[in-house]
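Trainee: What the sequence shown shows, in the numbering used here, is residues 1 to 512, in sequence order.
Simulated from the structure, these hints should not be mistaken for lab results. Just so you know, these numbers come straight off a predicted model, no measurement behind them. Honestly, I wouldn't trust all of these hints.
[Claimed, not checked] Simulated restraints, written as ranges between beta carbons of each label pair:
1. V24 - P185: 12 to 20 Å
2. V296 - R334: 19 to 27 Å
3. S331 - G55: 46 to 54 Å
[Unchecked claim] Computed cross-link-like contacts, DSS-like style, restricted to lysine-lysine with a CA-CA straight-line distance of at most 25 Å:
4. K147 - K343
5. K494 - K147
6. K494 - K343
Here a beta-carbon is modelled for each residue, glycine too, at the ideal position from N, C-alpha and C.
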Amino acid sequence: MTTQTSSPPQPFISLVEHPRLRIVAFLFLLMAMFLATLDNQIVSTALPTIVGEFGAVERFGWVASAYLLASCAVMPLYGKLGDLIGRKYVLMTAIVIFLVGSLTCGLAVSMNTLIAARALQGFGGGGLMVSIFALNADLFSPRERPKYQSYASLVIMTSGALGPLLGGTMTAAFGWRSIFLINLPLALIVLCGLFFLLPNRKPDRQPKIDFAGAALLAVAVTAVVLWSDSSEIFGSLIAPWSLGVVGVAVVCGLAFVLAERRAPEPIIPLSLLANPTVSLLIFISIASGAVAIGMVNYLALYLQTVYGLSPTTAGLFFIPITSGIVIGSISSGRLMSMTGRYKPYAIMGLALSTLCFTLLALYSREAPLYAVAVIMGLQGIGVGLGQQVPVLGVQNAARGGDVGAATGTVTLSRMIGAATAISIYGALLARGLSQAPPVPGAGPLADLTPVAIHDLTGAAHAAAIAGYADTFSAIFTFAACLAFVGLLAAMSLKPIALGAARHGPGTVKSPA
Numbered sequence: 001m002t003t004q005t006s007s008p009p010q011p012f013i014s015l016v017e018h019p020r021l022r023i024v025a026f027l028f029l030l031m032a033m034f035l036a037t038l039d040n041q042i043v044s045t046a047l048p049t050i051v052g053e054f055g056a057v058e059r060f061g062w063v064a065s066a067y068l069l070a071s072c073a074v075m076p077l078y079g080k081l082g083d084l085i086g087r088k089y090v091l092m093t094a095i096v097i098f099l100v101g102s103l104t105c106g107l108a109v110s111m112n113t114l115i116a117a118r119a120l121q122g123f124g125g126g127g128l129m130v131s132i133f134a135l136n137a138d139l140f141s142p143r144e145r146p147k148y149q150s151y152a153s154l155v156i157m158t159s160g161a162l163g164p165l166l167g168g169t170m171t172a173a174f175g176w177r178s179i180f181l182i183n184l185p186l187a188l189i190v191l192c193g194l195f196f197l198l199p200n201r202k203p204d205r206q207p208k209i210d211f212a213g214a215a216l217l218a219v220a221v222t223a224v225v226l227w228s229d230s231s232e233i234f235g236s237l238i239a240p241w242s243l244g245v246v247g248v249a250v251v252c253g254l255a256f257v258l259a260e261r262r263a264p265e266p267i268i269p270l271s272l273l274a275n276p277t278v279s280l281l282i283f284i285s286i287a288s289g290a291v292a293i294g295m296v297n298y299l300a301l302y303l304q305t306v307y308g309l310s311p312t313t314a315g316l317f318f319i320p321i322t323s324g325i326v327i328g329s330i331s332s333g334r335l336m337s338m339t340g341r342y343k344p345y346a347i348m349g350l351a352l353s354t355l356c357f358t359l360l361a362l363y364s365r366e367a368p369l370y371a372v373a374v375i376m377g378l379q380g381i382g383v384g385l386g387q388q389v390p391v392l393g394v395q396n397a398a399r400g401g402d403v404g405a406a407t408g409t410v411t412l413s414r415m416i417g418a419a420t421a422i423s424i425y426g427a428l429l430a431r432g433l434s435q436a437p438p439v440p441g442a443g444p445l446a447d448l449t450p451v452a453i454h455d456l457t458g459a460a461h462a463a464a465i466a467g468y469a470d471t472f473s474a475i476f477t478f479a480a481c482l483a484f485v486g487l488l489a490a491m492s493l494k495p496i497a498l499g500a501a502r503h504g505p506g507t508v509k510s511p512a
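My request is simple: use the sequences and hints to build the entire structure.
Mentor: So, in structure tokens, the structure goes:
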């Protein structure tokens, strides 16, 4: 009987060996990350102006959806290409595509051309996200990585908070085209900086791109994201067209698995998914995306309908969430760097999310506003504590030659979790409002806007608030269940230290 022994892990060699240049390169990566994530949010407040110029109000939602669809479709492909040919030029290609897409958006002459340009922009933005997370693994050792990953997480949250504000301000001052054209000088600066600062680390294997797997995965992911928005597109999640989209996703998903079994360099190595740690982290990423990203718009609507807050005042309640994310992200990043352990922070983060949404579900009508602010702050801390864990964990578990593929997979799973949850929350909202009794003297609850509810008095006002509170209680209950299932997955993780489960030897060469 023979036993196989694994080779010892190679010592970590940073892509940029000079410490100061490494930090400068990281700052350029953060700027690129800011551009990619900002463009997912900045368009929201400019949409009314865009619709006013182009018309086609029935297609305005696609201005945002096209970017999300395109980004999700290409994330795994970019991750794998970085593993095969080196991440520097893959990232620079993504920046160029993003830049051309931004220019095309700024010059759009119709709603259709703007939607197509947003898709092109998304093809670049998705590559930016994945390549930057993967490059962090090349720049910093496993024990350093959490600290710097926390800064990347802060950039993502900052762009999400500033996006709508910048979009509205720039649209009012310079016109809606400025929100896209501003990307051009910034993207050029990032492109030049990374060209001179980053060497290209070439793998020691011949690149064999799995085109069939990439195409099948792109179609499957596109179908899943389309289905998540099918309540808006087709009228229901279970409409015939919606179920047809689900069928396409299932067929392409099965075909993708078969293709990956035969591919010499699969887009997502099935051995990666067979790793129980990676599978659990992907599941945690889906749950985290659902309760962190997917719930944002619904919390704002909850505050405006149940508590009668104005949009501006409701926006102030996101300061506790943002502050909590900052506290949780920086704290967990530094503690993970010190201890090398990531499991406790996944558990604490999802436990806090479970607790917060349970409290909101139980006291959706009775909780005073200060208590809601505290709960939202705790939810922010929970998001901050755990949001880095899936990326750090899969990078730690993957072979050196599969870090990009692993990063792309877990980033994609978070986006799919968010997109799917948004749709399910929307379906629960629509169902709850349609089943609520009519408001005395005001008609169906579903027809009442937050402003209309605010203008009601007496029994009508109380009935409208009660109907919305009960509906949001169901939504918060569902979110709490998602967080709890993610918590169970986090508790099932093995207590692996960062740097303990590293890749086999011979996967990369020295920087070239």
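Trainee: What hints, given by number in increasing order, does this structure fail?
Mentor: none
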